[in-house]
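Residue numbers (my numbering), protein chains in the order written: chain B, 1 to 116; chain X, 1001 to 1869.
It should be emphasised that the hints constitute simulated quantities derived from the structure, not laboratory data.
Glycine is no exception: its CB is placed at the ideal position from the N, C-alpha and C atoms.
Keep in mind that a hint or two might mislead.
Unchecked claim - Which chain B residues face chain X? A few, computed with CB under 7 Å, are given here:
1) Gly11
2) Pro25
3) Arg56
4) Gly105
Claimed, not checked - Distance condition first, Cα-Cα at most 30 Å in a straight line; then the derived BS3-like pairs of lysine-lysine:
5) Lys19/B - Lys64/B
6) Lys1327/X - Lys1388/X
7) Lys1295/X - Lys19/B
8) Lys1295/X - Lys1327/X
9) Lys64/B - Lys40/B
10) Lys1140/X - Lys1064/X
11) Lys1327/X - Lys1638/X
12) Lys1064/X - Lys40/B
13) Lys1012/X - Lys1140/X
14) Lys1064/X - Lys64/B
15) Lys1012/X - Lys64/B
16) Lys1388/X - Lys1064/X
17) Lys19/B - Lys1012/X
18) Lys1197/X - Lys1295/X
19) Lys1327/X - Lys1197/X
What the hints assert, rightly or not - Pulled from the structure, derived: some chain X residues nowhere near chain B, Cβ distances all over 12 Å:
20) Phe1030
21) Leu1325
22) Leu1714
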Amino acid sequence: MPPESSELLQGTLELLVLKALSLTPMHGWGIGHRIDQLSKDTFQVQQGSLYPALQRMLRRGWIKSEWRTTENNRRARYYLLTRPGRQQLDTETRAWERTSTAINGILRVRSAEGLS
Amino acid sequence: MSFLSDAMERLKALFFRGRLEREMAEELRFHVDREAAERIRNGAGPEAARREALLAFGGVEQYKEAVRDARGTRPLEDLASDIRYALRGLRRNPGFTLTAVLVLGLGIGATTAVFSIMYSVVLARLPYPDPDRLVMVAEKNSPTNIWNISTADATAIRAQQRSFEAWGEVSRTEAALSGQGSPEHVMVGRASAGFFKAVAVPPSRGRPIETRDEAAEAPAVLLVSHALAERALGGAHQALGRSVTLDGVTHEVVGVLPAGRTELGGVRAAAWSALKLPAPVRRGPFWMRGMGRLKPGVTVEMAAADLAAISARILPLWSDFRDSLAKLTPMPLRERIIGQADRQVGLFGGAVLLVLLLAITNVATLVLVRASAREPEVAVRVMLGAGKGRIARLLVTENIILTLAAGAAGLLLASFAIKLAVSQLPNLPRIQNAALDWRAVSFALVAALLSGILVSVSPVAALSGRGGISSDARRAGTGRRTNAVRSALVTAEFALALPLLVVAGLLLNSFVRLSRVDPGFNPEGIVAVEVSLPAMRYPDSLAIRGFWQRAEDLTAGLPGVAAAGLASDLPPDSPGTNNFNLVDHPVPDGQSEPVSPWYGVSAGYFEALGIALLDGRMFSAADTVAPVVVVSRAWAAKYFPNEQAVGRQLISGGCYDCPRTSIIGVVGNVKNLGLAESEDAVYDQFNPNRDRTLHLVARSSAGATAALRGLRELVRSLDPELPLGESVLAAKFDDSLADPRRWTAVLGGFAAVGTALAALGVFGLMSYVVRQRRREIGVRLALGASPVSMTRLIISRGMRYAVVGSAIGLGVTLVLAHRLQTLLFAVSPTDPRTIAGVALLLLLAAFLACWLPGRRAARIPAAEAMNAE
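Kindly generate the complete structure, drawing on both the sequences and the hints.
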């Protein structure tokens, strides 16, 4: 089976794709490369798993695709963030921040209790 | 927004599948190339870079599949491939496909046709606004004795009722109409303005009858049906304002009803004139129907109480009517219009449903055989990794395609069947509206889909019951469970077929008895013309009597005519009735007077029909002062059992001030009311004050056509402007059998199909058993078993299903049979001889169906069957 992984990972992957595309339209390889760069290789995902995720995001209307020519003069499929995609990025970023703050809080309480 | 983009992407995926696949391949190739280039830039060799790039990407084909899944079109693509596969399979097996489509198409077609008829006859809304608030009002003194209301009743209801928002009266008569062209007899509804308010059907042109038309001196006006306007008035668009002569009186056309409207409030009429209600002078006669529209919130029960109070209040006001049990009674219009038809159509519907169930059962066994024949194929598919769910879906898809095809065939059949029924069963109310409309189409569609699911149940159940993979493909076809299901299905077929046969048998029995009923006279050679004398040219009883006597005398002198007479009604559908009270045996005070069929005739009528005088004497020229009647033998036996009827007196029509009526003679019984009805009858001499319309009857040896021509020419010679209605009595009796004959034929057809399907079912199963046990039977024969014993083995096994199934069917029949009671004549719904006869017939069919495979079993060559292993 392809590493479809858990809900969390799938959602996270989509969030990262949205983030990557928020700067500039990119083709699939570019998106993967950018995520690796930004995360400093934290996420060990197979590059292929990007494409089913992109297809799902197309259907949700978060991104759209266009065939463009690369700097090396090859045809490649570029993905662009749409307005709903940008909104989605905002919502998910905020949700993620809330969640991580909460979880960090819990983790800190745990260690405090551990001391007593 | 998101929904839209989702739908767009899915549609694109569905319709541009090839392009998407190409683009996906290109995109992934670009990715790997780009990754390899990156690695080369970082110092890897070209070979290694490519290998590492592929590795980093993961399984290309797997991701392609994942992307395809993500497109969201997977279920549709699977369905398309299932359908392609199923069509291929069905084409490869035309015998199976054709049989299944025909058998089920027959079932669905018949059911759809009956459904359409049932819808228009029983279920469809009556064509009036708020039809449930319309009630007909009549006098009623027992559950079965219902009659018209009188002027006195109507006047009282108009003044006192509190239940109706609109109330009116209607009476139907036949009248001679001359517009353009030759005069014709039409049915005319005379109705008050309130009647038109109650039914609330506005004319398409002009106006309805209004209150001002009811005044005694108001000019005569007429509302005509669209059909009459088209036929006799030069078209609906120019009918308004035209003059029409109705029974000699000139009427002005003031309105035209919408096209297709042939009745109002259940009264069929071509034209409508104003009912001018005179002031009542006595309680009777009873000659109209009441029609009321209930106020919102008023129930039929509340109206019944209201009307009952009125009945009680007016009873003491009139001396001529003393029946305290008689109550003005409201009856929902719907009940009055549909009447018994729901029972007939219900029986029809029940029977056709059994045929459909039989067809489904039959196709289910066919499907099961096919499924078990394909078990090796299924086993291989399971082995190759196809999920059971997927295979089940494949089976269901195939069956639904099959049943949808049957549904289409059924619709074709239904369209013919509906047309046939509309032309053949004209007496069913509202059947003219039956058509193959969207309701019929959706009905057939639902029936087809349901059948598809039903026939899939057992093969799918068998599939899920299978443990894993059976590598023994040869044994795979012999599932014990499959056989048990098939046996149950065959048993069910017999349980379904038997009730069909019983119903058909009972109807046939009833029909035969009905057609053997003696009408009381020989109708051969008897013809009649109906003549109406208009009031304009025949103003008084002298003119009327003069015309009738001349006509009767001249008719008797026509060549070939043995006898001639006059009669107000002719058998077998003579509707006239009258109430009376016997002077010697009066009904107790406050009780209902008896009611009897009552006809006005001349003495020649009995001679013309050949009705024998059994006692007393016939009317004579001297009988002009005191009223006299002749009664039928059945009437005499009913009212004067073990007594002499001749010489007794009665009070006729509740007229206690009139001279007493004497019984002067007793004549033979005649089926005046129809073959299935009683033979009570009172005949009085035709009365020129009452009988403007009479039948001129002749017994002639000239043949019906010539005799009718003679009568026609004779009446024309007396008065060329009289419209005539013609009847041939033998044909009238035959017509009265037409409906029962058709019902019997249709039910007989259903029963024949049912029997054939059940026989086919057991034949199929036993043939299969013989094939399956070929080896075992061969061994037995080789070991010395007699061939006859093998035949017996097969027959006894098949007959077991037939007998058990028939027994179950018999039980069901006995429980439901009483519902048939009202549709049968002189046969009990549980008539043991009929039931035994049809059961025997069904078992005989089963025996033949088992005997064929049984004989084949006996002929299995012992050696070959063993060697085949």
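Hints the structure fails to honour:
Structure breaks hints 1, 2, 4, 6, 7, 10, 13, 20.
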